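Novice: The residues making up each chain are set out below.
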Amino acid sequence: MTTGMRLFSELVVLLGTSTKTNDKLGALTNFFTDAADKDKVWVIALFSGRKPKRTVNSTQLAQWSLEMTHIPSWLFEESYHTVGDLAETIALLLPDTEDPGQTKPAQGDSSLTHYLSRLMELGKAEDLVKKDFILDCWSHMNKDERFVFNKLITGGFRIGVSQKMIVNALARTTSTPASIIAHRISGNWDPSTISFDSLLSEAGAGSDISRPYPFYLAYALEDEPSTLGNPGDWQAEWKWDGIRGELIKRDNQLFVWSRGEELMTERLPEYQAFHQNLPDGVVLDGEIIGLTHRPDLPEKFRPLPFAVLQTRIGRKNVTKKQLTEAPVGFIAYDLLEYEGEDWRERPLKERRAQLEQIVNKIDHPLMHLSPVIPFSAWEALTAARETSRELGSEGVMLKKKDSTYQVGRKRGDWWKWKIDPLVIDAVMVYAQKGHGRRSNLYTDYTFAVKDGDKLLTFTKAYSGLTDKELAEVDAFVKKNSLEKFGPVRTVRPELVFEIAFEGIAASSRHKSGVALRFPRIARWRKDKKPDEINTLEDLKKILELHGK
Amino acid sequence: MLIEFTDRGLYCPQGGFYIDPWAPVEKAVITHAHSDHARPGNGSYLCHRLTLPLLRLRLGDNSYQSVEWNEPVLINGVRVSLHPAGHIIGSSQIRMEYQGEVWVVSGDYKTENDGISGAFEPIPCHTFITESTFGLPIYNWKPQNIIFTDIQNWVRNNQAEGKTSVLIAYSLGKAQRILPALAAVTDNIFLHGAVWNVHQTLIEAGVDLPAVQKVHLDAPKDTFKNSVVIAPSSAEQSPWIRRFQPYEVGVCSGWMQVRGNVRRRNADAGYALSDHADWPGLLSAVRATGAEKVFVTHGFQAALSRYLNELGIQAAEVKTEYGEDEEGAPATDSSNEPEKVSET
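Going line by line, the protein sequences match chains A and B.
Residues 1 to 548 in the numbering used here are what the first sequence lists, from first letter to last.
Residues 1001 to 1344 in the numbering used here are what the second sequence lists, from first letter to last.
Just chain B, same shape as in the assembly (with noise of 0.2 Å):
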């Protein structure tokens, strides 16, 4: 056993470090910078290195080191390599190879290409342990450039009516992954506080996005009109939207797939874009890896794992603190923002 499952999360015994660990360890490797992944309290990090600005940005000064994909490092004798997850901008798989075993944790993935966050790379292993968010065949997602589409006429819609677009995007993570398809309809973007600080770090790290404002709260109403505003789902309910008047807001999750959950959310709009696999990602990553043992964390595990054994891979559920983020948690997503919303 390469991986232990304990109750402060993923532990390499062999190397001594934990993969996103969900109670304060000595040594964390972090797939990525979402806060249900990377925690406070760690003795030092180890991360990608697009994912150490953000890291920085949430967590404040800490031990970190980070590296490039296919870079490999020895921790106690383990090697220990990062890969593309294609999640978000940074997010890494996690290779670990010791006497000959390979074992390989996914963290949070997507087999689709969002030309931002890096191609999902499927790695051989005997071991795979995967995410499984969106682990039900009623979770088969439109191309992303369809539902850019959509969203682009969408917009174009709101600009022929006098009204604003708000979008409602995971500050970091979708809220990037959509702005080359606004840039295209608009020269207008405005960004959500907790949005633009993410943003910025990013240009900072060097990630080439296109120009952006920020809403100042004392810019003059007509600033807005006809434009694009994104917004984390903090947002939506608080007043602060309420200067965009007139607007529409839209709900860019994986969850809108269902129609129940756009009439709960009460959005104009419900886009189906997701930073997780679907059924169909999900198994061709599967079977990709070649693994011989499968284990399944946080989503639908039951059901991934149960289907996985019918195919004949062996798999097995396990349970773990992650999804408590944004779109790993369909129920809590109007009402749990994980990060503060700052507003100057």
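Bound conformation, chain A alone (with noise of 0.2 Å):
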């Protein structure tokens, strides 16, 4: 029987290319069924998110793979601009092991925990002995275990799997229900030291006492908010455009979470304020933002523009003058635990009240409530939904006030209704091939606007187009290439999209003075010629409207 890295490999491969949700959960759940205990604890790492550190760079990888396949270093970047992916284009360039269906399995511990110890090992030691490590892997293996080892080494397996689909081949193993799966594998946990029972036990769930919620997360409203029923029912706030997060208190201990479940806490040095006010078994779900405390305004704060929060997510080590010039806050939505009770169960109504009472206590500049919309009428929701940008705010959040939290991306009681995006004309001027399901095809795009008779680019955008459409203008590139730069086309400026984006904000480091927030192309206007797109001067009046 396949075990071990060759039964990872096949497990990638297959989610890689199965397009039917049943079929992927078959592969995992068949996955669980069969594999190591250990692998199955790393395979739930991986999947979720949790790599381990990063001991050999890309560049050596590529290097020792050129001097195993012998072809000039130019040719390898060519190919790796058509593959797409590093660890890829390397399992594709390797020279075949002798028998290539079928390498015999490696000498000793085959097993994709022994794999990635060794790798983490490796930090330490010298490039050589990295080296030799690398490449005596890569000649025992065959293609598909030379792209899986290699992606463990550069990290990032989106092979189409989310979480839920994880944690619903679990709780099909291990016949658990799904949403206390969820709460057991998030959180912090190091998949070289836990056993997968302990992972997947009451016991080891306990242990941890920074482990977050899962989140609940709203579907897109595509109807008339009158298709959902009685006003009353429902309960409106602003969506704010931040990190989504859970600040937790638990044994006296202060933690706070982001939404792609990385441990946040030192990077807040600001929450620390909240610690002394806020009750002890508490849970709170809002939104890790840049705000000013505006007494004021009937909110009482104003959100500052993403890129400001964008200035502090990444560091670890914050100055003082980070402090001051982008604070961050954080926005109260739900109250998830409180007296060490998991209290999502209970209506959102009732969460509501206990929500409000703790946030007002904790009265700090920083920590706010979500506010409430007050409407009892559609019309009203409606009216109020177009001033969301006044209040930089992106929409309105519906949530039914008999609602309980649920797990991950569900229908039916809560919804997001965001505003319509900003939009503007303008014509494409590069082209780069994407990566990933985008391979080997030009849709990578970067836009300019008209600036007196010359050409300005101002935004780079990528999704928006149909299949169809990314062959279309991937031929038209393909034709109408003016000069490469490595992989890069200047195009003929010909053709014009509608570029829509959620925000706008000054930016001294892009030639046009402004930065767009989540831009995308709306779509391809074949009925407008470049000389009608936009100029500088629109998309200068659109940062003075809504640059916050």
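Careful: at least some of the hints might be erroneous.
Said to hold, decoys possible - Capping the alpha-carbon separation at 35 Å, the derived lysine-lysine pairs in DSBU-like fashion look like this: (1) A/131 - B/1142; (2) A/478 - B/1142; (3) B/1214 - A/20; (4) B/1027 - B/1293; (5) B/1214 - A/51; (6) A/143 - B/1319; (7) A/164 - A/349; (8) A/418 - A/468; (9) B/1225 - A/143; (10) B/1142 - A/468; (11) B/1319 - A/454; (12) B/1027 - A/143; (13) A/468 - A/511; (14) A/143 - A/51; (15) A/401 - A/416; (16) B/1293 - A/468; (17) A/454 - A/51; (18) A/484 - A/143; (19) A/526 - A/418; (20) A/410 - A/479; (21) A/164 - B/1214; (22) B/1214 - A/130; (23) A/529 - B/1319.
To be verified - Now the stretches of chain B that chain A is said to cover, found in silico as 3 or more residues with beta-carbon under 8 Å: (24) 1043 to 1049; (25) 1130 to 1138; (26) 1176 to 1188; (27) 1281 to 1289.
As the list claims (entries may be wrong) - Which residues of chain A face chain B? A partial, calculated answer using Cβ under 10 Å: (28) 17; (29) 71; (30) 72; (31) 75; (32) 85; (33) 95; (34) 180; (35) 253; (36) 254; (37) 295.
Bear in mind the hints are in silico, worked out from the structure with no lab data behind them.
Owing to the predicted nature of the structure, the values given are computational and were not obtained by experimental measurement.
Think of the CB as a built atom: it goes at the ideal place given N, C-alpha and C, for glycine as much as any other residue.
Need the complex rebuilt from these two chains, each delivered in its own frame; the hints are there to steer you.
Specialist: Quick look at the structure:
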């Protein structure tokens, strides 16, 4: 029977190619049934974003693979831009082992855990030792194993498996409800020390006091709000553009988790000020967001552009200057745990009432309640939503007053109702090949507006076109390239697109003087000629109106 | 120069003919019957015996002349002969000889013998014009028998689960190539109308192919249970395919070598089975000709010609309008099948 690294590589291949959720779920369930316990723990870790510390860098990997393949480095580059993934490029370029279909399994331990612990040990090793290990591994692996092995080194297993799917597969194999699994595998645990049983057992769950709850996420409301029924059954709040997070106080310690399951406590020293007045055994759901205290406003605060938060989230050590220039606050949405008890099954109404008391007691300029928008008819809410941008919000959240706090993205009880994006017409001037699903296709574009008789680039945008349109643009790029700069092609400025974005801020880092939030292609304006696009003046006007 | 690169295609001035022209000309020599190489509107067509019925199927009645491989004809003093290119049935390289100088145009080719298209024949020449559809070292095909085994295992798995196996393959070329491997695991092979038309044409031309049936629109649903269906890529996104429920889709194309393409195609399985030469195949073909000068056309021409120059073989890129067929265009392969899909 296949085991270890090979079993894992087969799982990755299956997950990467299967198009049906049920097939993926089946593949994961089989893996969780067949694999060794230690390997299962690692798979849960890898697929939930807990990657081991990197010990070999990309340059080294590329260099060593060149030595094995005997091709010039420019050809390696060319191949990489076509494949769009370093780990895969190397796997495709390495010479076949003698028997390409079935190489001999590794001598000795070939478990996933073995390779990962060897890789982690390499941190302190000299480059020659690293190289020997990597080359030895490559030489006895088949193509799929090499790909997976390289991925372990370069990190990032984005293969179309959601955390939800991992949870469901584990729920199926262990006959435990999914919500309990989701909670147990979240939070702070170390895959190299924890066992499969203790990770999934109740005792294991109790031992980590920082453990967050899985977030409840909303789908976008596509119909009119009147389809939701009686307005009196719904609570409306503003939708804020920060990072969703949980604030936890247990055993007299404070923890902050982001939705990406990152522990952010140290990066947000200002949150320590909440500690004293926050009761123990409490978990708050809310938005981590840059803001200024504004007692004169009904909301009592005004959010700062996302770009301000961005200057903070990457940093572990925060200076005094940054704390003043880019203060980060917390807008509280919900109460998940109170007095050490799980409150998620209680109705929103009850959770909200208790939340208000807690937040009011903290009484701090950086801690705010998410304001509730008063409305008695859907028309009134529709009108209020139109003012979102003035408040620095992205739109409206609708939550059923009797809703429980569920796990993951669910339809029915919670909806997000965002405002229409800002738009501008622009012409495509550069194109670059995409990655992953879009490899070997020109899918990453840079756009320009008119600046007098010149064109001025102001944003990149990726998604938003159908596969068919992408193919059309790709063919255009191939036929209308003016110049090559490495992987980038300068193209004849002919194709006009409507670019949509959520926000705009002044930026000294961009030639155009603006930075857009969430730019994407709204549609291809085949009806417009390049001289009909918007101008830099238009862009500056939008900045004046909407740049917070 | 025995070949000039013009805006109508590859032109032989001494002979006064074009090879695979993309705009109408008086005299055309055709390498193979794919639509980007054999276009309508030419005064006369010269091609291989097995290409002729395919041209007639796709282009209707024209002035055709056919030859066997290695059967030279003189055109205005230029000695022209066709040689196996191994790409699809009838596909040929074109050799031209004039006053002791020899040029060869490869058309599309593959160096592995697929058992159905004729084995690629390296032809010594002074100048070689080669395609480069898969001209990067990441394209390194597994031997055909190994891919066939993978496909057969996939079909067996589908059969065990009571599912129909729908294989997406180019109607002319790959569809015929995979038939023997499929006939080894099932007696129930069904063809989409477009594949069926090519199949019938080849049978009538005397090509020996396994027994198959046509997908009839009014066939009861359980006709297709556990069977294998071969269809062109245009069928993949169409309602036509739903009649095979429950089914799995497998795509046979060289582009399936890269994971991103498999995911983009949304196929259940991707097989990197190509009718074009892979990187080692291109290099060995170029070397075997002993050519002093190489022109590289459609595909990764920049990379291949640079690499050849670094090997000391004088090479240059040439822009052509080939490569719009299924394999030549990775981006459009799900939406741009260049042939009509007849559904009768």
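Novice: Give a verdict on every hint.
Specialist: Hints versus structure:
1. A/131 - B/1142: 28 Å, holds
2. A/478 - B/1142: 29 Å, holds
3. B/1214 - A/20: 28 Å, holds
4. B/1027 - B/1293: It holds: about 26 Å lies between the C-alpha atoms, which stays within 35 Å.
5. B/1214 - A/51: 51 Å, violated
6. A/143 - B/1319: Roughly 34 Å between the alpha carbons, so the hint for residue 143 of chain A and residue 1319 of chain B holds.
7. A/164 - A/349: Distance ~27 Å between residue 164 of chain A and residue 349 of chain A Cα, so the pair holds.
8. A/418 - A/468: Holds, at roughly 28 Å.
9. B/1225 - A/143: Satisfied, since the Cα-Cα distance of roughly 34 Å is no more than 35 Å.
10. B/1142 - A/468: Roughly 30 Å between the alpha carbons, so the hint for residue 1142 of chain B and residue 468 of chain A holds.
11. B/1319 - A/454: 30 Å, holds
12. B/1027 - A/143: 48 Å, violated
13. A/468 - A/511: 32 Å, holds
14. A/143 - A/51: 22 Å, holds
15. A/401 - A/416: Distance ~15 Å between residue 401 of chain A and residue 416 of chain A Cα, so the pair holds.
16. B/1293 - A/468: 39 Å, violated
17. A/454 - A/51: With a Cα-Cα distance of about 46 Å, the restraint between residue 454 of chain A and residue 51 of chain A is violated, given a limit of 35 Å.
18. A/484 - A/143: Holds, at about 32 Å.
19. A/526 - A/418: Measuring from Cα to Cα gives roughly 27 Å; hence the hint holds.
20. A/410 - A/479: Distance of about 45 Å is beyond 35 Å: violated.
21. A/164 - B/1214: Violated. Residue 164 of chain A to residue 1214 of chain B sits at ~43 Å, over the 35 Å cutoff.
22. B/1214 - A/130: Violated: residue 1214 of chain B and residue 130 of chain A sit about 58 Å apart, past 35 Å.
23. A/529 - B/1319: 28 Å, holds
24. 1043 to 1049: violated (count 0)
25. 1130 to 1138: holds (count 3)
26. 1176 to 1188: With 0 residues closer than 8 Å to chain A, the stretch 1176 to 1188 of chain B misses the three-residue bar; violated.
27. 1281 to 1289: Per the Cβ count (0), the hint is violated.
28. 17: 5 Å, holds
29. 71: Check passed: Cβ of residue 71 of chain A comes within 6 Å of chain B, closer than 10 Å.
30. 72: Given a least distance of 7 Å, the restraint on residue 72 of chain A holds.
31. 75: The hint holds - residue 75 of chain A has a Cβ within 10 Å of chain B, the shortest such distance being about 6 Å.
32. 85: With a minimum Cβ separation of about 7 Å from chain B (threshold 10 Å), the hint on residue 85 of chain A holds.
33. 95: Residue 95 of chain A check passes; min Cβ-Cβ to chain B is 9 Å, inside 10 Å.
34. 180: With Cβ-Cβ at 32 Å, over 10 Å, it is violated.
35. 253: 43 Å, violated
36. 254: Status violated, d = 42 Å.
37. 295: This interface hint is violated because 52 Å lies over the 10 Å limit.
Hints 5, 12, 16, 17, 20, 21, 22, 24, 26, 27, 34, 35, 36, 37 from the earlier list are contradicted by this structure; the remaining hints agree with it.
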